[in-house]
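Enquirer: Chains as they are written, first to last, in our numbering: chain H, 1 to 534; chain W, 1 to 176.
Just so you know, these hints were derived from the structure itself, not from any lab. Misleading hints may appear alongside valid ones.
Claimed, not checked - Partial chain W-side listing against chain H, Cβ under 7 Å, derived:
| # | residue |
| --- | --- |
| 1 | L10 |
| 2 | R14 |
| 3 | A27 |
| 4 | F33 |
| 5 | L47 |
To be verified - Footprint (simulated), chain W over chain H, 3 or more residues, beta carbon under 8 Å:
| # | region |
| --- | --- |
| 6 | 48-55 |
| 7 | 139-151 |
| 8 | 208-214 |
Ideal placement from N, C-alpha and C gives every residue a C-beta, glycine not left out.
This is what each chain is made of:
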Amino acid sequence: MSRVSRPLRGLVRTFLLMDLRAQHYSQATGVGAGALIPPLYWVIGQFLTLSALTTAALFGRVDADFFAAANLGVLALGVFSAMVVEFHEAALDPADASVLAWRPIPRRIYALARMTNVGVYVGGMILLQTIFPAIVGAAQRDVGMGWLPLYALAALAVGGTAAALVVLLHALRPLSRALDDLRTGFAWVQIVGIMVVFYGGQLMLRNGTGSLEWFAAHPPAWFSLMPTTPLGGAIASASRGGPGLGLVAAALGVGVLTVGVATAQLGRAWADLGRLGSDTARTVGGRLAGTLGSGWIGALTGSRGQAAGLWLFRTALLRDSELRSRSLPALGTGAAAAALGVLTDQFADPFVAGASADVVLPLAAIVLLAAASPSLLYNTLFSRDHAAAWRLRAAPSPAELAEGVRKGVALLVLLPATLAVGLAAQVAWRAPLHAAGFALGTWLVVSLCSKVAAANVFTDVPLSRPAARGGALGPIAVLTAGIGAVASTIVGLLWLARGTPALLGAAVGALVIADVIAGRMARHRMARILGRRS
Amino acid sequence: MTQAQLVALLRTPRGLAWLVLLTLVGAVGLALFMAMNLPFFEGTRKLVYGEPTGRTVLLAQQLQRGEIDAVPGHQAQALVQYYLADDPALGDRSWMPPVLAAVIPDALADEVERALLAGTPEQVEDALALCASASLQAARPALERARARAGRRGDDDLSARIDGALAALTTPRDTP
């Protein structure tokens, strides 16, 4: 007995202690590794807040079946998102293999320890999101004495099923990769949920049109199709002594079954890990991104160093979901301006429109796209594989690498975004020549600004720093503001010159010359700084 | 316990476990407090009818004079809310129920149900009176749903009043 229980107890204790200080939610909670209160505690607070706000918004306003269905839906979403964010370490950590694989730990003991760890974790999440609806819901006028135990059992079934589904989805490799990509997004589910319930709830309650009560009384078809909807009705009905007990029992059965299958799947996954080892698993799982010999990379770059930089950036962008989630949101404001303009018919053609407010959004889209370049470039300094950056520092010319990364950002991120803005212009104006001119002007401004930004951002070798959580924009705030001001001035001058072809031609010519000069200055500055550093 | 001791405690797993436990106890306390204050939450239900626009007032006047026999769909709800608004400055609107029931029965039934779902007790009373005075047959399904809801909630008083409104719909009105 002790041969089994001792490693089990040791593993469970270690896993639980590690979870207490886990940092997976540090970005969404804004809490660093050194903080007194760890991110996990704030996640607990977020779950409680979301559940309390949902309960408060629905209590005394809607029927008990909608109350139960909505709260169970929020619970399922919360558990699912938390499992996606935490799954690797809470249920199956590939890094375990390098530490534990050579020890005589039977596969079933490891699986049991991991499932216990996940069980404590999921049980905690279910408890956090059950306290308010179970206790407060029991005071509703249309429920009976059985509400609290029935709701608690249903919450256990829904939460267990959601958690087990994530384990099973991870068993399918393509889905596993997709979940990895969505990980950072899912970390924000609670925050977004709290904002939606807090602000949306206020809007609904204050407008005095009874839209919340109307929605609950006449839910749309998609709400009726959710599995939690009939379950909510069954809880409310069974609590009053009516039918529904069978459905709650069936939900529990489904929960037990999926958790059982997930446990077996974890055991098999552990056996695979034991064979592969963590590093092998990582390499096999990563995406291949072509090679340095690719023809197009050589054509776009002036040297082998630049080609290496561009290839490295492209590979990092494809493989590193954190790099994508840190960088790409910078394009969001420009995209939002363009989308808002097109959708609300405020995206007027600046070549023909007068001094109308409708040209503000297309011009703003250019400025916002240009102002995104400092953030995009700055984030290429960070990488989850930063420990290998000594190889880059030892390169013949780190400055050429940086120039390659800059070209990567410009050609693989900013150029497609510019083309998308041009496409939006074509959709709005139905004038291909004007849209092409608009896209060309956008690209000239964006390219110039990205070169100015690169000269100031690359104070270190790209991909060489550990990800700085919560500090992605702080050090470049002034630079971003400056780039925005420069871009605004250039766009304003281009707009003033639009009516006179000669003047517009001269302005475009000046922009091209400025672009070439800025490129040379940026390379010179990077060579000076990075040469000294390395 | 000094601040330094508290900080030292929070840096240990035991301290964090205590913090989580205290949070859970606080959450249970708050949940119990909310549960004991159901009347407060129910009291926050209230429909707010905004100031009628000039277009709505004009439409109502035209309806009263019998100049139109159809109302644009987007104006129907505003017209019903014009009738339901608790504002004496809007003048006598007692002529409206039968006219609205004839011209926009579905919009009227929807607003009746909205009041039954989300209105104050006074607004619910007004809605029931409207059904009876307008002999609004289109509101029968909404009234039946409200009757079932009131039954589930054990609200005998409201059940009786809804039964009264349903009975008024069943009974043929005396023709003048």
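Enquirer: For each hint, tell me whether it holds in the structure or not.
Expert: Here is how each hint holds up against the structure:
A least Cβ separation of about 5 Å between L10/W and chain H falls short of the 7 Å threshold, and the interface hint therefore holds. With 7 Å as the threshold, the beta carbon of R14/W stays out of range of chain H, its nearest partner Cβ sitting at about 10 Å, so the hint is violated. Because the closest C-beta pair between A27/W and chain H is about 5 Å apart, less than 7 Å, the hint holds. Taking 7 Å as the C-beta contact cut-off toward chain H, the hint placing F33/W at the interface is violated, the least distance being around 9 Å.
Annotation: interface hint on L47/W holds; nearest CB of chain H at approximately 5 Å, less than 7 Å. Coverage of a stretch by a chain is defined here by at least three residues with a beta carbon nearer than 8 Å to that chain's beta carbons; for the region 48-55 of chain H and chain W the count is 3, and the condition holds. Residue count for the region 139-151 of chain H with a Cβ under 8 Å from a Cβ of chain W: 4. That meets the three needed, and the coverage hint holds. Check result for the region 208-214 of chain H against chain W: holds, 6 residues qualifying (beta carbon to beta carbon below 8 Å, three or more required).
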